[in-house]
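Colleague: The chain contents come next:
Number of protein chains: 2
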Amino acid sequence: MAPWRATLALEMTFSYFSHYSDHVGASADKPFKSTLWRSERLMLGLNCLAPGQEQKLHDHAGQDKFYFVVEGTGEFVVGNDRRVAKVGGVVWAPAGVPHGVTNRGDERLVLLVGIAPFPGH
Amino acid sequence: MAPWRATLALEMTFSYFSHYSDHVGASADKPFKSTLWRSERLMLGLNCLAPGQEQKLHDHAGQDKFYFVVEGTGEFVVGNDRRVAKVGGVVWAPAGVPHGVTNRGDERLVLLVGIAPFPGH
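Note that the protein sequences, when read in sequence, are chains A and B. Be aware that the first sequence starts at 1, since it is given in the numbering used here, and climbs by one per residue. Be aware that the second sequence starts at 1001, since it is given in the numbering used here, and climbs by one per residue.
So that you can see chain A by itself, here it is in the shape it has in the complex (with noise of 0.2 Å):
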């Protein structure tokens, strides 16, 4: 006879499909981050940031960067240009230039951001 044996099926599902809201969160101490989808040329994920959180100045070496206004309003630092964004709003923030990014609303704010390329994958 057979000895006992268990089996664990594991299914790993891939969907090329998704919505944004599926992907939102939010952190106590800092901003919330989530990723869609990512290969080795671009990661696209979302930044969700709680009224009054912030996403210090930082720059990507060799990585350019785009932040799409999702839900929120958020003030934009990209260089010297500062600026308000709300939804719909596009930011660039191209390899090596500083950029971060502050809730100063009372709701959250929701960024889909795009980083390519994303050799970290």
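Be a bit skeptical, because a hint or two may be false.
Partial pick of chain A residues on the chain B-facing surface, computed with a CB cut under 10 Å [as the list claims (entries may be wrong)]:
1) Gly62
2) Gly79
3) Gly114
It should be emphasised that the hints constitute simulated quantities derived from the structure, not laboratory data. In this text, a Cβ means the ideal position worked out from N, Cα and C, and glycines have one as well.
Knowing the structure of chain A, use the given hints to seat chain B on it.
Modeller: Relative to chain A, chain B alone:
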């Protein structure tokens, strides 16, 4: 006396900030495309499809692509999957995987699109 002289000053301005609505357009015979920014690493633009318009199945060798639905509803195909995506929907079309989209609704379909890398820069 100095001769009459005309000076034409051309000022090229580059901004890190934009709004998608400034780049929306329409084309009678095919989807309208606009570019927000592009580098060798990343192209960020819009695809705008009038009701009934279709972006036929195609693929990009060595380039990953995403769509984010900003206005309207699209019927997307990626690989063997066919799905309807509404505002906030996100679609990932990895390098080499055929993809396309049709606007079967009665309002314009506006898609934020990113392609990485973008060596044709």
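Colleague: Compare the structure with each hint and give your call.
Modeller: Verification of the hints:
| no. | hint | in the structure |
| --- | --- | --- |
| 1 | Gly62 | holds (8 Å) |
| 2 | Gly79 | holds (7 Å) |
| 3 | Gly114 | holds (5 Å) |
The structure meets every hint from the earlier list without exception.
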